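Which chain is which? The protein sequence lines are A and B, in order.
Here the first sequence stands for residues 1 to 385, numbered as in our numbering.
Here the second sequence stands for residues 386 to 669, numbered as in our numbering.
These are computed hints drawn from the structure, not numbers from a lab.
Treat the hints with care, as some may be off.
To be verified - Here chain A is said to cover these stretches of chain B; the calculated rule only asks that three of the stretch's residues, wherever they fall, bring their Cβ under 8 Å from a Cβ of chain A:
id, stretch
1, 443-456
2, 550-560
To be verified - Per the computed footprint, the stretches of chain A lying under chain B, defined by three or more beta-carbons under 8 Å from a beta-carbon of chain B, are:
id, stretch
3, 45-58
4, 216-227
5, 231-238
6, 286-298
Stated by the list, open to error - Incomplete in silico selection of chain B near chain A, CB under 7 Å:
id, residue
7, TYR409
8, LEU413
9, ASP466
10, ARG474
11, ALA477
12, VAL478
13, ALA506
14, GLU507
No experiment lies behind these values; they were computed from the predicted model shown.
Virtual Cβ for every residue (Gly too), placed ideally from N, Cα, C.
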Amino acid sequence: MTVLDRPGADARPRVLASPPGTGGEAFSLQDRVLMKGNEAIAEAAIAAGCDAYFGYPITPQAELLEWMARRMPEEGRTYVQAESELAAINMALGAAAVGARVLVSSSSPGISLMAEAMSYMAGSRLPMVLVNVMRGGPGLGSIGASQGDYLQATKGHGHGDYRVPVLAPSSIAEAIDLVGDAFTLAERYRTPVILLADGILGQAMEPVKPTFRALERPPRPDWVLDGAAGREPRVIKSLHLRPEDLERADLALQATYAEITENEQRWAGESLDGADVVMVAYGTAARIARTAVERARAAGLMAGLFRPITLWPFPAAALCEAARDARAVLAVEMSAGQLVEDVRLAIEGAVPVFHHGRMGGMVPTPDEVVDAVRRAWSTSDGGAS
Amino acid sequence: MSATREADGASPGSPAMSEGRTIYARPLLLTNPTSYCPGCGHGIVHRLVAEVLEELDLGGRTILVGSVGCSVFAYDYLRLDSVESPHGRAAAVATGVKRVRPDRIVFTYQGDGDLAAIGTAEIVHAAARGERFTTIFVNNGIYGMTGGQMAPTTLPGQKTTSSPLGRDVETQGYPLPVTEMLSLLAGVQYAARVSVADPGHVGKAKQAIKRAFEIQLEGKGFSIVEVLSTCPVGWGMTPTEAMDHLRDTVMGAYPVGTFVDRPRRIAPSLPQPGPSHRSITEGF
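Make the full structure from the sequences, and use the hints.
This is the structure we're talking about:
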């Protein structure tokens with residue numbers, strides 16, 4: 001169980017023989033271990049064959065860096081604590097250029113610093129997985145969990161005409177799975193991929209099966225740099241001074257994005273049958289919405305949950321279909337009204353769309369979400385015309 | 386020049402030399418004629434790098450880390466696998482390349498705007514970590530590509546488009562002697578400043594560049610060669626005037642020489658890590 005020890009003084013296995021306060025078969029935690037989200041993501045990346053990790057300390061993702069500081073050298077792989085987030089992601093750029101499977105992690109203010117290199121890596125078609133364990137903002141904000149970087153992740157970060165796939169786990173077990181998927185997407189489409197978590201997912205401990213998935217390594221791509229012995233040199237760059245050349249490169253990128261949009265949308269639906277109010281939420285907010293669904297249904301309000309797993313590409317058609325017979329749609333988020341913009345674009349006015357959000361590290365309670373469901377239900381006229 | 390060859394050195398289209406021996410040929414690692422301005426030093430520095438890599442037989446396993454500025458075009462003229470960096474980040478990119486491929490020869494090619502202004506943190510920390518790559522730092526004291534603005538390396542009183550009355554040290558500060566600063570760091574195995582002002586200095590510049598790559602081959606730490614160069618257009622001079630200015634004025638402000646060559650026991654005398662430092666280390 002060494003692998004699952006936390007680094008530092010508190011290094012001991014935390015396998016629960018039986019869960020406290022229960023004992024029922026249905027809730028058996030046997031064969032599971034308690035891990036922090038940050039640690040689980042790190043270990044999942046190692047299992048997936050991550051060759052190089054570059055990071056910089058920031059709360060609430062520091063445990064990810066600490067885990068890598070101990071584990072990557074154990075595995076004989078590359079680990080560097082950089083002098084800044086700028087340097088960390090540019091080290092990743094260099095490592096990706098020579099064919100490494102690269103992970104970088106940070107939290108919101110650090111991600112802002114990485115925006116420049118995200119644009120360069122997208123333009124240079126370099127794969128990488130970037131974990132953002134979101135905290136409250138703007139500015140230095142707070143260290144509490146937030147989803148205030150939704151727009152940054154899905155529409156923003158750097159300059160220019162590019163997109164980045166964004167995967168949003170809502171549990172630590174799902175985060176473990178999505179790490180492998182993120183590397184697969186990054187390599188298949190030669191693009192950076194964001195794994196968008198938040199301070200709760202990063203810091204909380206949950207029981208997980210310590211079965212981390214190994215990823216196959218594709219044959220060495222023909223763009224990787226290794227010295228131009230016996231062949232023409234390769235240049236990995238985003239500079240195309242002639243507008244004709246740059247537009248051609250941009251069109252190629254857009255074609256890749258169209259392919260990603262066509263093939264890679266993911267979502268999960270819960271209690272959508274007969275739902276009058278369809279909630280849309282991802283990550284930690286989706287966990288709260290799930291509890292709110294149960295409480296609303298217990299109170300006679302037919303609520304359901306549509307949970308996007310890819311935030312870009314946003315599963316717009318699937319949401320539209322899920323909400324077709326609903327009376328209202330309610331976006332629940334830990335941000336000011338960012339996710340709701342994509343929800344409105346998806347619904348295109350077919351059903352009234354409402355929003356409930358908290359900010360700054362505040363987390364909505366299930367009961368306040370139920371109240372929001374009730375308001376959405378009573379405000380909308382019930383017609384889906 | 387040790388690269389004496391028997392091959393015909395005539396350029397395509399010219400009449401073949403019927404007799405005689407080629408005493409100089411364009412290095413095979415150089416590709417197209419450069420697009421740099423007349424009198425610009427980049428062409429000379431590119432050639433020196435190409436000659437050195439060729440003489441050390443490293444061309445097939447070298448990775449060039451490009452930067453932003455006129456230097457960005459290096460990958461157009463050097464027949465090497467290359468990756469471009471965001472402005473100032475070449476030392477971080479090179480860190481990633483070299484850490485993953487320690488068996489490759491890795492070097493950054495950066496100007497003074499890139500390295501000494503926006504990339505100061507990256508170069509200092511790469512040097513402090515003793516990263517095993519080489520930096521070719523071409524210092525012409527100005528931002529050439531963007532039209533001749535003041536750089537951290539611009540000399541006091543020097544007129545540029547963003548210091549039209551001359552650099553005023555009261556408000557715009559003093560030139561940054563980057564290579565001297567880096568020489569203080571224990572991770573630096575080799576640090577030298579050279580010049581392309583005349584053939585004698587060009588020869589010494591080549592020796593320094595060669596030494597820097599040899600140090601990388603030994604794998605002990607960071608190596609940097611600062612090459613004092615020209616920007617006739619940015620300086621408002623003819624190519625000849627620019628070379629004279631480089632020799633008579635710039636080299637006076639930035640002394641050339643080898644600052645660090647640790648294998649040869651050349652290093653500034655600095656306070657060494659004291660007993661307290663060692664005891665901290667031993668404590669763990």
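Cross-check of the supplied hints:
Only when three residues or more bring their CB closer than 8 Å to a CB of chain A does the claim for the stretch 443-456 of chain B stand; here the count is 7, and the claim holds. Counting residues of the stretch 550-560 of chain B whose beta carbon lies closer than 8 Å to any beta carbon of chain A gives 0, which falls below the threshold of three, so the coverage claim is violated. Closer than 8 Å: that is the beta-carbon criterion, and the stretch 45-58 of chain A has 3 residues meeting it against chain B, so the requirement of 3 holds. Counting residues of the stretch 216-227 of chain A whose C-beta sits closer than 8 Å to any C-beta of chain B gives 3, which meets the bar of three, so the coverage hint holds.
Coverage of the stretch 231-238 of chain A by chain B holds. Counting CB-CB distances below 8 Å, 6 residues qualify, and the rule asks for three or more. By the rule of at least three residues with a Cβ nearer than 8 Å to a Cβ of chain B, the coverage given for the stretch 286-298 of chain A is violated, with 0 such residues. At a threshold of 7 Å, the smallest CB-CB gap from B:TYR409 to chain A is about 24 Å, leaving the interface hint violated. For B:LEU413, the suggested interface contact is broken, since its CB lies about 12 Å from the closest CB of chain A, more than 7 Å.
Interface hint status for B:ASP466: upheld, as the beta-carbon distance to the closest one in chain A is roughly 4 Å, under 7 Å. Taking 7 Å as the C-beta cut-off, the interface hint given for B:ARG474 holds, the closest approach to chain A being about 4 Å. Satisfaction of the interface hint for B:ALA477 is found here, the shortest Cβ-Cβ separation to chain A being roughly 4 Å, below the 7 Å cut-off. Taking 7 Å as the C-beta cut-off, the interface hint given for B:VAL478 holds, the closest approach to chain A being about 4 Å.
At about 6 Å, the closest approach between the beta carbon of B:ALA506 and any beta carbon in chain A falls short of 7 Å, and the interface hint on this residue holds. Interface hint status for B:GLU507: upheld, as the beta-carbon distance to the closest one in chain A is roughly 5 Å, under 7 Å.
Hint compliance for this structure: hints 2, 6, 7, 8 are not met, and every other hint is.
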